[in-house]
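J.: Here are the chains, one letter per residue:
There are 2 protein chains.
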Amino acid sequence: MTMEKGMSSGEGLSQISAVKVTAKDLETKQPQKDRRGGFVLVHAGAGYHSESKAKEYKHVCKRACQKAIEKLQAGALATDAVTAALVELEDSPFTNAGMGSNLNLLGEIECDASIMDGKSLNFGAVGALSGIKNPVSVANRLLCEGQKGKLSAGRIPPCFLVGEGAYRWAVDHGIPSCPPNIMTTSRVDSERETERKVFLFAVGSPSNGCRGRRIALIRRQEQGFSLAAFKRNKRKLELAERVETDFIQLKKRRQSSEKENDSGTLDTVGAVVVDHEGNVAAAVSSGGLALKHPGRVGQAALYGCGCWAENTGAHNPYSTAVSTSGSPFLASEDGVLGGVIVLRSCRCSAEADSSQNKQTLLVEFLWSHTTESMCVGYMSAQDGKAKTHISRLPPGAVAGQSVAIEGGVCRLESPVN
Amino acid sequence: MTMEKGMSSGEGLSQISAVKVTAKDLETKQPQKDRRGGFVLVHAGAGYHSESKAKEYKHVCKRACQKAIEKLQAGALATDAVTAALVELEDSPFTNAGMGSNLNLLGEIECDASIMDGKSLNFGAVGALSGIKNPVSVANRLLCEGQKGKLSAGRIPPCFLVGEGAYRWAVDHGIPSCPPNIMTTSRVDSERETERKVFLFAVGSPSNGCRGRRIALIRRQEQGFSLAAFKRNKRKLELAERVETDFIQLKKRRQSSEKENDSGTLDTVGAVVVDHEGNVAAAVSSGGLALKHPGRVGQAALYGCGCWAENTGAHNPYSTAVSTSGSPFLASEDGVLGGVIVLRSCRCSAEADSSQNKQTLLVEFLWSHTTESMCVGYMSAQDGKAKTHISRLPPGAVAGQSVAIEGGVCRLESPVN
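Top to bottom, those sequences are chains A and B.
With the working numbering applied, the first sequence covers 112 to 528.
With the working numbering applied, the second sequence covers 112 to 528.
Bound conformation, chain A alone (with noise of 0.2 Å):
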C-alpha cells in the first residue's frame, strides 16, 4: 500500500518528529452462543476534526460500528458487513463520500468507491459516479457479480466502472438513483453541517475571522447551501485566478499550503471488517477533492490503492485488510498527508480453552495519519457498543511531516469448524 510505503520508509524516518503509540487489549469475555462473531474498524476521514464537530464524526463511526456487527451476528459476508458500514458513513452529510461529497468545478458531485474480498481476492470499483446515494454499493454489486462467473458469450464481467456507464450498470441493477440536487444540499439542515461545508469550500485565507463571517452570511440561506456555497467560491476561484499573476501563479502553485485545501480533500470514509471464521474484507469511498475536474478519479476507486483484503494462505498466516485515505500521486509534495486503517488476524487456540472445541482469532488493529487528525470507530461482536476516538498527533506535530499510530488487539472466540 502506498500509505504504509510512505510512513515506513527508511527516507521518511528522519521526518517523523512524534510517534505515538498506545495499545488497547481488548480481551472480552464469552461470546453470545447463538450470535456469530467478528470485528470492524471504520475511519470517517483523515484530515482536520474541530472539537466542536467531535461528537458527530463519532457518531457517525460508532453507527457504522453497530450496523457491520449486526451484519456479521446474523451471518452476512465480511464484504456485505464492510458495505453496511460504509452506507453509514456515505449517508452522514459530515463526512466527504456518497452525500454531501464535494462538489466538482461544474457544481456536482461525482464519487469514487471499491470494495476488496480477502477470501476471493475479488475487487469492485466505482469513479466519478453521480446520481447513486451510496457508491459502495455499486462497487459490491459488481464484486458480487464479478465472483459469478464469465457474462453471456464467454465476455469477462466488469470490476471498475466510471461515469455514466457506471450509473447505467448501477440503475439497470436495481440500484436506485439519487437526484443530484438532494445529494448536494443535504446539509441546509443544521448550522453545524453549515460551517463544515463553508470550511470544505474554502479555498482562501481560512482564519477564524473569516470563516466566522462567511458562516453568518450561510445562516440566511435555507435552502440549496451546497451550491450557493459553491457558486460563492468558485468566484473566489476566479478572482484568484485573475489575481496571481503568471509569475506569481507559478510561484504560489508550488508554495501553497496544503491547509488551504487539504482539510477539506482528504475526508474518504473507509472500513476493514473480519468474520468469525477470519475472512477478511475492505472498503473506501471518498466524494474526492473539492473543486476537482470532472471525470477526476481518485485512489479511492483504484485497485491496490483505496483498499485491500487478503485471507490467510499457505505462505502467510495472517489475513490482513487496509483502507486508506489520501493521494499516492503526490511523488513530488513536501509532506504526505493521508490515514490508513489496518487490521490482521491470525487463528490460535487459547491454553485453556483448547479443550472445550474453541478456538481464538486473534485480531490486532491500527489506525494511523500524518494529518492533524482521523476519527476512527471499532467493535467486536462481544462489544455492546462501539469505541469512537478522534485521533490526533501530538502538539506541536507537524502535520505531513509527523505520524501518530495507535491501534489495539481484540482476541475472538469461536466455535472450532
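Hint data in this document are derived by calculation from the structure and do not stem from the laboratory.
Keep in mind that a hint or two might mislead.
[Stated by the list, open to error] Taking lysine-lysine pairs in the BS3-like style, the calculated list, with each CA pair at most 25 Å apart, reads:
| # | chain 1 | residue 1 | chain 2 | residue 2 |
| --- | --- | --- | --- | --- |
| 1 | A | 166 | A | 496 |
| 2 | A | 166 | A | 244 |
| 3 | B | 259 | B | 496 |
| 4 | B | 259 | A | 347 |
| 5 | A | 496 | A | 173 |
| 6 | A | 347 | B | 261 |
| 7 | B | 347 | A | 259 |
| 8 | A | 169 | A | 244 |
| 9 | B | 173 | B | 259 |
| 10 | B | 244 | B | 169 |
| 11 | A | 345 | B | 259 |
| 12 | A | 498 | A | 173 |
| 13 | A | 345 | B | 261 |
| 14 | B | 230 | B | 261 |
| 15 | A | 347 | A | 244 |
| 16 | A | 259 | B | 345 |
| 17 | B | 496 | B | 173 |
| 18 | A | 261 | B | 345 |
| 19 | B | 261 | A | 342 |
| 20 | A | 498 | A | 166 |
| 21 | B | 347 | A | 261 |
| 22 | A | 230 | A | 261 |
| 23 | A | 261 | A | 498 |
| 24 | B | 496 | B | 166 |
| 25 | B | 261 | B | 498 |
| 26 | B | 244 | B | 166 |
| 27 | A | 230 | A | 259 |
Everything numeric in this text was worked out from a predicted model, so none of it was measured.
The hints should help you fit chain B onto chain A, whose structure is shown.
T.: The following block gives chain B in isolation, referenced to the frame of chain A:
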C-alpha cells in the same frame, strides 16, 4: 506488477509447461557523436497473431520504434519518446488501441491509457475516453501538467480523468477531438483489416468455416463496417443469451473458452524507453474488451497496473520500466492470459572506454507472455532500423498455462556528464 507476480509465483510454476529463453546480445558500435542515444521496446498486443497478419503487426512495431528513437535523438524527454511510440501503435487499425478499438455494448469506442515518468514518478492516465484519436497523448499531457505543481487556489491537478470529463479536459488543453465514426469505421479500407475486425467480434464459435462465411458477408459492405459488425455480433450475443437457459448459462459462464473472446481482448499496446541519461518511461494503451459495459476501465488506465517506470535511486542501481497487457483482476481464472515488456538499465564504465570520457548504459530487456503470441519491436539510437519479432508459445504449449520469455542486452555509449 501483477503480471510479474502471476508469472513468477511459486504456485504458478507448476503450471508452466514450457519456458523459452533466448538471449540476444545487441552490442553495437560507436554511437553517432552528434546525436543522443537511447533504447525503445514496444509491443502491439499479446494475444493471437496469425501468420497472415504478422507483417502488419511487425510493420507498426517498426514504425513505433523509429518514432521513439527520432524523439530521443532530438533530445526529447523519455515520456515524449514513449508517447510517440504509442501514438503510432494507436493509429494502426490493426491494434486494439486508439483508432479502430473494440466497440463496447453500445457500439462506442472507449479507451484507456496511462504513462509513467521514471524520473519524477509522476503518472498520467485516462479511462473510458471517447472522441480522442490518441488517448496516450491526453495521459502524457496530464502527466506534464501535473509536474507543473498545484493549480490556482492550491488545488491538486488531476492525474487520472475518465469519460466526458477527460474528453473536456483534453479539448480544453488543445488536443483535437475525433468524430467517433472515424475512429470506428477506419478499417474498411482493406480486406485484411476487415478480416481482423470480424475476428475480434466473433463471439460465436470461431471455426474457420464460420469465419470465412462472415468475411464473405462483410466484403459486400463498403462503408460503416465496424458498426455493422458490432450490430451483427450484438444480435448473436442476444441470441446466445436467449438460448442459454439459467442452468446452462451458469455452467457456460464458468466453462466458456478463453479463446472465444480473449484473442480480441488482450490487444493492449505498450512501450518502454530509456534515454541516454538513463531516464526511463513506460506507457500503455488499450481499447478494452469487445462488447464491454460502457464505463468499464481496465488495467491500462490504472496506477501500478498498466505500466511502471522508476529511475535508479539511492537504494536501487537499476532504472526499470514495465508495460503490461492482461487483466490483474482475474484472480479466479484458471489461466492467466497476458504479456509484459520490461527493461532495466544501469550505468557501467566500460574498461576500454573509461579513459575516453565515455560511459556505457547497460540495457537489459525482455518480453514475456502466456498468450499464444506477442508481437514486439526494439531499437537503439545506434541501430539503423528496428528489429521486430512475433514471439510464440512452443508447439503444444497451452495458452494461460505456459509462459514464453525472450530478451536481450544492449549497450549504449554516451559522453560522461
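J.: Look at each hint and say if it fits the structure.
T.: Now for the hints, and whether the structure bears them out:
With a C-alpha separation of about 16 Å, the suggested pairing of residue 166 of chain A with residue 496 of chain A holds against the 25 Å cut-off. The straight-line distance between the Cα atoms of residue 166 of chain A and residue 244 of chain A is roughly 24 Å, inside the 25 Å bound, and the hint therefore holds. The straight-line distance between the Cα atoms of residue 259 of chain B and residue 496 of chain B is roughly 35 Å, outside the 25 Å bound, and the hint therefore fails. Annotation: proposed proximity of residue 259 of chain B to residue 347 of chain A holds, straight-line Cα distance about 22 Å (limit 25 Å).
Distance check on the hinted pair: residue 496 of chain A and residue 173 of chain A sit about 8 Å apart at the alpha-carbon level, within 25 Å; holds. For the suggested pair residue 347 of chain A and residue 261 of chain B, the alpha carbons sit about 17 Å apart, so the restraint of at most 25 Å is met. Restraint check for residue 347 of chain B and residue 259 of chain A: the C-alpha separation of about 22 Å stays at or below 25 Å, so the hint holds. The straight-line distance between the Cα atoms of residue 169 of chain A and residue 244 of chain A is roughly 22 Å, inside the 25 Å bound, and the hint therefore holds.
Simply put, residue 173 of chain B and residue 259 of chain B have alpha-carbon atoms about 33 Å apart, too far for the 25 Å limit, and the pair is violated. The hinted pair formed by residue 244 of chain B and residue 169 of chain B meets the criterion: a straight-line CA distance of about 22 Å does not exceed 25 Å. Proposed proximity of residue 345 of chain A and residue 259 of chain B is supported: the alpha carbons are some 22 Å apart, at most 25 Å. With a C-alpha separation of about 7 Å, the suggested pairing of residue 498 of chain A with residue 173 of chain A holds against the 25 Å cut-off.
For the hint pairing residue 345 of chain A with residue 261 of chain B, the CA-to-CA distance comes to about 17 Å; that is within 25 Å, so the pair holds. For the suggested pair residue 230 of chain B and residue 261 of chain B, the alpha carbons sit about 19 Å apart, so the restraint of at most 25 Å is met. For a cut-off of 25 Å, the pair hint linking residue 347 of chain A to residue 244 of chain A is broken: about 29 Å separates their Cα positions. Among the hinted pairs, residue 259 of chain A with residue 345 of chain B is consistent with the structure: their alpha-carbon atoms are about 22 Å apart, no more than 25 Å.
Restraint check for residue 496 of chain B and residue 173 of chain B: satisfied, since their Cα atoms lie roughly 8 Å apart, inside the 25 Å limit. Between residue 261 of chain A and residue 345 of chain B, the direct Cα distance comes to roughly 17 Å. Compliance with the 25 Å bound is thereby established for this hinted pair. Restraint check: the Cα-Cα separation between residue 261 of chain B and residue 342 of chain A comes to about 21 Å, which is no more than 25 Å; the hinted pair holds. Taking the CA atoms of residue 498 of chain A and residue 166 of chain A, the gap is about 13 Å. The hint holds against a cut of 25 Å.
For the hint pairing residue 347 of chain B with residue 261 of chain A, the CA-to-CA distance comes to about 17 Å; that is within 25 Å, so the pair holds. A C-alpha spacing of about 19 Å is found between residue 230 of chain A and residue 261 of chain A, which places the hinted pair at or below 25 Å, so the restraint holds. Taken as a hint, the residue 261 of chain A and residue 498 of chain A pair is broken in the structure, with Cα atoms around 42 Å apart against an allowance of 25 Å. Between the alpha carbons of residue 496 of chain B and residue 166 of chain B the distance comes to roughly 16 Å, so the proposed pair stays at or under 25 Å and holds.
With a CA separation close to 42 Å, the supplied pair residue 261 of chain B and residue 498 of chain B exceeds the 25 Å bound. Note on residue 244 of chain B and residue 166 of chain B: the hinted pairing holds, with a Cα-Cα distance of about 24 Å set against a maximum of 25 Å. Using a Cα cut-off of 25 Å, the hinted pair residue 230 of chain A and residue 259 of chain A holds, with the two alpha carbons roughly 14 Å apart.
Hints 3, 9, 15, 23 and 25, counting from the list given before, are not met by this structure.
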